[in-house]
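Given the structure of chain A, go ahead and fit chains B and C onto it with the hints provided.
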Amino acid sequence: MQLEARDIGFRYGNGAWLFRGVNLTVKPGEIVGIVGPSGQGKTTFARILAGFEEPIEGTVTLDGFSVQNKGYYPVQLVFQHPEKAINPRWKMHKSLHEGWKPDQALLDTFGIEREWLTRWPGELSGGELQRFCVLRALGPETRFLIADEMTTMLDAITQAQIWHAVLEISRKRNMGIVVISHEAKLIERLCDRVIELV
Amino acid sequence: MPILEVKNLSVAFTQYTTGFKQKSHQVISDLNVTLEAGKILAVVGASGSGKSLLAHAILGVLPTNAKVSGSMTYVGEELTHARKIALRGKEIALVPQSVNYLDPLMKVGKQVRTSVRTGDPKEAQKNVFERYHLKPEVEGMYPFELSGGMARRTLLSTAIVSGAKVIIADEPTPGLDPTVMKEALGNFRELADSGCAVMLITHDIDSALSIADEIAVFYAGTTVEIAPVTDFTGKGEALRHPYSKALWRALPQNDFIPIKGSQPHSSALPPGCLFEPRCPWATSDCRKGRPEMRELRDGTVRCIHAT
Amino acid sequence: MLSTPEEKNKQPLLNQRRRMLLTIVIALLFLLSVVLGGLFLDEGRIATNLNERNVPPSFDHLFGTDWLGRDMFTRTIMGLSLSIGVGLLGATGSALIALVLGMTAASMGRVADRVISWIIDLFLSVPHLVTLILIAFTLGGGFKGIVIGLMLTHWPSLARVVRAEVLQVRSAEYVQMSKQMGKPRWWIALHHILPHISPQILIGFMLLFPHVILHEAAVTFLGLGLSPHEPAIGIILSESMKYLSSGMWWLAFFPGLCLLIVVRTFDQIGEYLRTLIDPTRAHE
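Protein chains in written order, with the numbering used here: chain A, 1 to 198; chain B, 1 to 307; chain C, 1 to 284.
Each hint should be verified, as a subset may be incorrect.
[As the list claims (entries may be wrong)] Partner residues are not named here, just some residues of chain A that face chain C (Cβ under 10 angstroms, in silico): (1) A50; (2) G51; (3) K70; (4) G71; (5) Y72; (6) Y73; (7) A85; (8) P88; (9) K94; (10) W100; (11) C133; (12) G139; (13) E141.
Keep in mind the hints are simulated off the structure, nothing from the lab.
Backbone N, C-alpha and C define an ideal beta-carbon position, used for all residues, glycine too.
Only chain A is shown next, with the shape it has when bound in the complex:
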C-alpha cells in the first residue's frame, strides 16, 4: 500500500496559504523525514495526511483510492504532547485499548509495565505516557505512522527506546513512517530520505 499526497494546499478561511502544491509519496516500510522552519504548516500537513483535516486543494490517497473516513483510519498520527492525547478521566488501560488490544510481548517491547495500566494519566511521566500513545496508534490496521515531533519532549534514553520499538514493528509489518522533527540528527539517524517544507 502506498500513501500519496498530491498538490496539497491549505489555508484557514480566506487567509494566506499556509502551503500549496506539496507532494509526498511514501512506500510501505519507507521512513521519510519532513523538515522546515516553524510556522510553515508541518503540523497541519501531518494532520491532513492522517485524515484529521481536509485539504483545501489536492488529494490524499492510499494505493490510488481516497480513504473512507469511517472506521479505523490506516494512517495514524502521534502528537508531540502525550498529556493532551490521553483522556485525563480514563485509567491508562482504557486509553490503550480504545482502538485495539496489544499483547504482552508488545507491551514489553515498549517498556510498558503492567502496573502502569491501572494508573491515572496524571500519575505517569511524559515519557511513560508517550509509550502508550505510540503503541495505541500501532493497531494491526495501521499502514502508515505520522510522528509529529513525537519524541521532542522526551529525554534521549526514552527517545531511543521508543524509536527502536517503532522501527522493529515497521520492519515486521512493512509499515511506512513519516517523521517530522526539528532535530536534524534524529532525522539523519532514522530516515531513508528527507523532504523540506518551505
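Here is chains B and C on its own, set in the frame of chain A:
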C-alpha cells in the same frame, strides 16, 4: 562565592490514593546545586526527574500539599519562604516556556515596564527591546500579535529589566527550529556574560551543551552527577555516573542505543542507589543505602563505583 | 493557592478531603431534616389560636407566634420545606434544559449553535427575575406557574458553560484521535464528552439551587408566586413586614435567618463539591 546554593533539598507530596488514604511521594531527594555569577548551569534529565520542581522550590511556588526540607541560601543568607516571595520577579526571575505567561490584555511594552525597579522604566524598556532586536512598534502590540520568537524575547526582556541576579529558565526551547533555538540560547549566554547566574532546565542535552558551563544530570529526583561541559564528548568516557554515560550514548548522533527499563516512580523508589535496578555496575553494596555526592575529577558524582 | 509549604508539615487528624465530605454530609442531613420536618410536623400548630397571639419567642414557641396565634417555628420549617421542594424541581429542570441546549449548540452544526446562542443571549440580556415574574404571571401563578417559571429562566448561564465545555473537549486531541480510531459519534459523546461535563452539570445544579429558592421567595413575596394559603417563606416574610413597626421582630427575623442558612448551606455544598471534583485542586 555562589549566589544561590541548594543543599540536601527534599520534596515530598502527599496525595490521595483511593478515597481518604493519603500517601507520600518522594519527588526530590537530597538534591544539591550551586549557581554562580557569570555561569550557566544546565539541568538535564528525563521528565519526572524533578527538574521543574527544583525551579518551583526555589521560587516558592510549590503546591500546598508539598513537604519541603533541606536548606537554600541566597548570597550567603538563608532563603526563607517570605524572602522567596520578596525576591521572586526582582532578584530571582523565571523565564517561562510559553507565551501563555504574558498578560493577554496588556500591551507588551507596558508589561516589560512594570518589571523595572530602578531608573526610568520607559528608557530601560526601550534599551532592552533594542538589545533584543524588537522594533519600537512592538511595545504597542498585544501578546497575540507576536510571533513565537518575539514573545520569547519579550519574556526574556521582562526578566532582564528587573535586574535579576538569578535567571531560571524552564524548558525555554522545545520545538524550535535550529535558527530560532540558537538565537534563544545565545540570549542566555549574553545574560550570563553580563554577570547573571543562569539555571537552564531542559531535557535536550544537545542545546545545553552549546552554551552551558556545567551540566547537572537529574535522575528520579536527585542529582547523579555535576560535570563540566567538556566531559560530554566521545563515547562519554570522561563522564562519571553510569546514567550520564547512558544518556549521552542514547543521543541520535552517538550510538542511539538505549539502556532498558525506566526511571522509578516517586511512590516506589528503590531502597539503595536510585539507579541500581538499571545499572550495569550494580553490586550488592549499591542496595545498602543511597550514595552521597562526592567530588571526583573537577565534578561531583553520586555513585560508589565511579572512578 | 500559594502558601508556605514549610509550615504545612504537620498532619491534622482529619485531612482536608475528610473535612469537606463531613461538612457535605452534615449539610445534607440538615436539609433532609428540614424537609422531613415540613412533612411530619403537626398541622395543628399552625391552626389559628387566638389565645396565644403575638407571643414572643419562648420554649413553647421557639420562634414566637403571629397575629393569629400560629406557631412561627412550624410555619418556617414548612415554608422552607416547600421552598426546597420548589428549588429542587426548578434547579433540576433548568439543569436539564442547560444540558440539552448546551450539547446541541456545541455538536449539531453552525445553525443550531447560532440559534441557541442567540436565545441564551436574549435570556441573559433581561434580568431573569423579570422574565420569571412574566412567565409565572402568564401561567396564572400558583405552584405550577412558579415552578415552570423557575425552570424556564435559570438555565442560560449554565447552558453557556456546557456549550463552552463541549466545544473545548470536542477539539481535544484525544477526542479527535478517537474518531480516527473508528469510534462512532454516539460512543464518543457517551465515553468522552458526557463524563467530561457531568461534574460541571452537578456543580452547576448545586449552585442553581440557592438561586432558585431565593427567586421563588422573592416572587412569592411580591404576591405573584405561591398562593397566600401555602406556608411559603416568601409569604411569611411579606406578611411580617406589616407587623415589623409594631415591634414584633421575631416574625421576620427567624424565617429570614433560616432562609439565609439554607441558601448558604447549598452554596457551601456546591463549592466543596467543586473542590473535590476538580482534578487540579483535588490534592490540596
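So, going through the hints one by one against the coordinates:
With a cut of 10 angstroms, the hint placing A50(A) at the interface with chain C holds, because the nearest CB-to-CB distance is about 7 angstroms. Given hint, G51(A) at the interface with chain C, holds; its Cβ is 6 angstroms from that chain's nearest Cβ, closer than 10 angstroms. Among the interface hints, the one on K70(A) holds; its C-beta lies about 7 angstroms from the nearest C-beta in chain C, closer than the 10 angstroms criterion. At a threshold of 10 angstroms, the smallest CB-CB gap from G71(A) to chain C is about 4 angstroms, leaving the interface hint in force.
Because the smallest distance between the Cβ of Y72(A) and any Cβ of chain C comes to about 4 angstroms, under 10 angstroms, the interface hint for this residue holds. At a threshold of 10 angstroms, the smallest CB-CB gap from Y73(A) to chain C is about 4 angstroms, leaving the interface hint in force. Interface hint status for A85(A): upheld, as the beta-carbon distance to the closest one in chain C is roughly 5 angstroms, under 10 angstroms. With a least beta-carbon distance of about 7 angstroms to chain C, the hint placing P88(A) at the interface is held under the 10 angstroms criterion.
The closest approach between the C-beta of K94(A) and any C-beta of chain C is roughly 9 angstroms, which is under the 10 angstroms cut-off, so the hint is satisfied. Because the beta carbon of W100(A) sits about 8 angstroms from the nearest beta carbon in chain C, less than 10 angstroms, this interface hint is met. Interface restraint check for C133(A): the shortest CB-CB distance to chain C comes to about 8 angstroms, inside 10 angstroms, so the restraint holds. Annotation: G139(A) was flagged as interfacial toward chain C, and the flag holds, the nearest CB pair being 7 angstroms apart, inside 10 angstroms.
At about 9 angstroms, the closest approach between the beta carbon of E141(A) and any beta carbon in chain C falls short of 10 angstroms, and the interface hint on this residue holds.
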